[in-house]
Amino acid sequence: MLDQNRLTIAFASLRAADKKTVLPFITAGYPDLDTTIDLLAAFRRQGVRVCELGIPFSDPVADGPVIQASYTEVLGRGLTGSEIFQAVAEYRRREAAACAADGLPSLALMAMVSYSIIFRHGPENYLAQAAAAGIDALIVPDLPLEESAALTPQAQERGLCNILLVSPMTPPPRRLQIAKASRGFLYYISVAGITGERKRLPEETIQAVADLRRQVDIPICIGFGISSPQTVAQVCSVADGAIVGSAIVHRIADAAKAGAGHDELVARVADFVGELLAPLR
Amino acid sequence: MTAKDYALMPRNGYFGPYGGRFVPETLISALDQLEREYRRAMADPIFIDEFDRCLRQIAGRPSELYFASRLTQKLGGAKIYLKREDMNHTGAHKINNTLGQALLTLRMGKKRVIAETGAGQHGVATATAAAVFGLECEVYMGTEDIRRQALNVFRMQLLGARVAPVSSGQCTLKDALNEAMRDWMGSVSGTHYIIGSVAGPAPFPEMVREFQSCIGREARRQMLSAEGRLPDLLIACVGGGSNAAGLFAPMIEDESVRMVGVEAGGRSLKLGDHAATLSAGAPGVLHGAKSYVLQDADGNTAPVHSISAGLDYPGVGPEHAYWKDTGRVEYLPCSDEQALDAVVTLAHTEGIIPALESAHAVAEAVVRAPKMGKDRIILICLSGRGDKDCNEIAMLLEKRK
Ligand SMILES: Cc1ncc(COP(=O)(O)O)c(C=O)c1O
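Which chain is which? The protein sequence lines are A and B, in order. Position 111 of the first sequence, counting from 1, maps to 342 under the working numbering, and the rest follow consecutively. Position 152 of the second sequence, counting from 1, maps to 687 under the working numbering, and the rest follow consecutively.
One chain only, chain A, in its complex shape (with noise of 0.2 Å):
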């Protein structure tokens, strides 16, 4: 059922290439629709093969400042859950032309969302809503294991994937068994705690994944904290990918502010994620 999922094809053909990636957060329509719209082609260009979309929520109990505000954000100027998953379906149209035209492959879109929200449109409902907009594969960041384990089977007969977390708080062997029910990839949480950019990450989580990674063989991503071009490539010393949200968030923040204009802050934050790739190529 996943063999055709984008988010499975990304990271199958990155290791038969021997390669790394990083993975953008972006919080949807922040600041606007369209401009998400472009941030998507533009990072696809850069050469992400994987995205993730915040769904804005009221109340984000994993999510810092940074994205917090943005939720908040988007969600003051009553921006609706629907008009998120038609921009994705409009995204996946002038996509389509674009990977036509240029010959790169199509972007994995993941959506982070909460359970909340989830079970308030019907599990069913929200899925194939989801998957018919084009999205891949979904982060609920407040569905565990144990809760999860009604939504992954549903989410994969819609061909989506459930990507499943591990925290440093995580005991070994539960790790071991949110890596085997997880779906595309292993999200790994670099430090308790929420979101939010940090300078360097523990030695501890570096060790972690990397006896994590002799022992299952499903792809493992880093994400909370992951904010710059070194940090980048200290996760992916050991790890397939690393996620990056607040920095990003941060940089459309500023721009938005500044006043930048709508294909400037397209093409400041395009090149930051650019930047965070470098050490990757």
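Honestly, the hints are just simulated from the structure, not real lab data. Keep in mind that a hint or two might mislead.
[As the list claims (entries may be wrong)] On the chain A side, residues computed to face chain B include the following (Cβ under 7 Å):
1) Gly312
2) Ala423
3) Ile425
Even glycine gets a Cβ: it sits at the ideal position worked out from N, Cα and C.
We have chain A; now place chain B with the ligand onto it with these hints.
Showing chain B with the ligand alone in chain A's frame:
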């Protein structure tokens, strides 16, 4: 369904379809540890004795079951008894729970506690327990509540706690809870999060209910000795639902006892004007549990309103959701105005100034008592005293003129 079906022991953290653990993976091992320690403690006579001692010597329990004779006379119907949680040390039922959780914190070898607070009562109760046991304490509180409950902010600080202002979202209780949860994500190895109600991920709803069940156990015994029988009707206000659960749970299998939970009806039952989660909300997920919630169509938490900071919450404990669906407990709203009237009524008839939260329960008795026979008995949980609310009450009464 018979009363026997209201198993008080949740199955894998679920009361029927409600409850669970909808939290980031980072917190799962802490919740496992807490649950292990909680179960061990409850089976340990030394812990039970120590908790009892704390309830007696620190909280001042048992609290009185007081026959409100002049209120009864004025309403002209059922006899009204008040369970006087307002007489507890720190002025509300919240201390029962914080003493229990502080003892667990010591057992887990943790040195710091954090809490969220709305009215400030849970914050004060946490700060008090922390001072008693020498724990470091930080209390998250929305800036809007800091304004409404200035006295309690000062009390917490005087007790040695740090009050951390929360200015995200609506700047009230739910936002304080988010912030406390975020703190806990980064501090979980040395910090225990003392949740103040029967809400949040398992095992909190069950654990907080058990620590609050002294209310109902005492009341049941006291009522039997005062009247030789159980009450016909229990009434309690419901924010997250801890004073109500503490009163109801020990009598949940007493089929003759009807139970009513009173929610904050606010200005109206339009979304945004109230905090009547069970009366007007729908099943959803918030703050770690599946229960009733007040949300928009996308699952985002709706704004809420109540004159009572302690009821101003868009969620409710999962066990109440279960009791609602099974019909064991009836839940209904009480408006700001009715609650304010009840403050004045109770003050004039009994010399008791109730907390605005508790006034919601009193208001429901004011409606029901006259319709019930004089041989009937109503027991109200007077969850807290109104000292903290005096400024707010003065302002609200002034506005009425
Ligand atoms: C006096 C009093 N009663 C009731 C409540 C509501 O909480 P719960 O529903 O958990 O009893 C509060 C909360 O702050 C309170 O201070």
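The hints, checked one at a time:
The criterion of a C-beta within 7 Å of any C-beta in chain B is met by Gly312 of chain A, whose closest approach is roughly 5 Å, and the hint holds. Because the beta carbon of Ala423 of chain A sits about 5 Å from the nearest beta carbon in chain B, less than 7 Å, this interface hint is met. Among the interface hints, the one on Ile425 of chain A holds; its C-beta lies about 5 Å from the nearest C-beta in chain B, closer than the 7 Å criterion.
The structure is consistent with each of the numbered hints, conforming to all of them.
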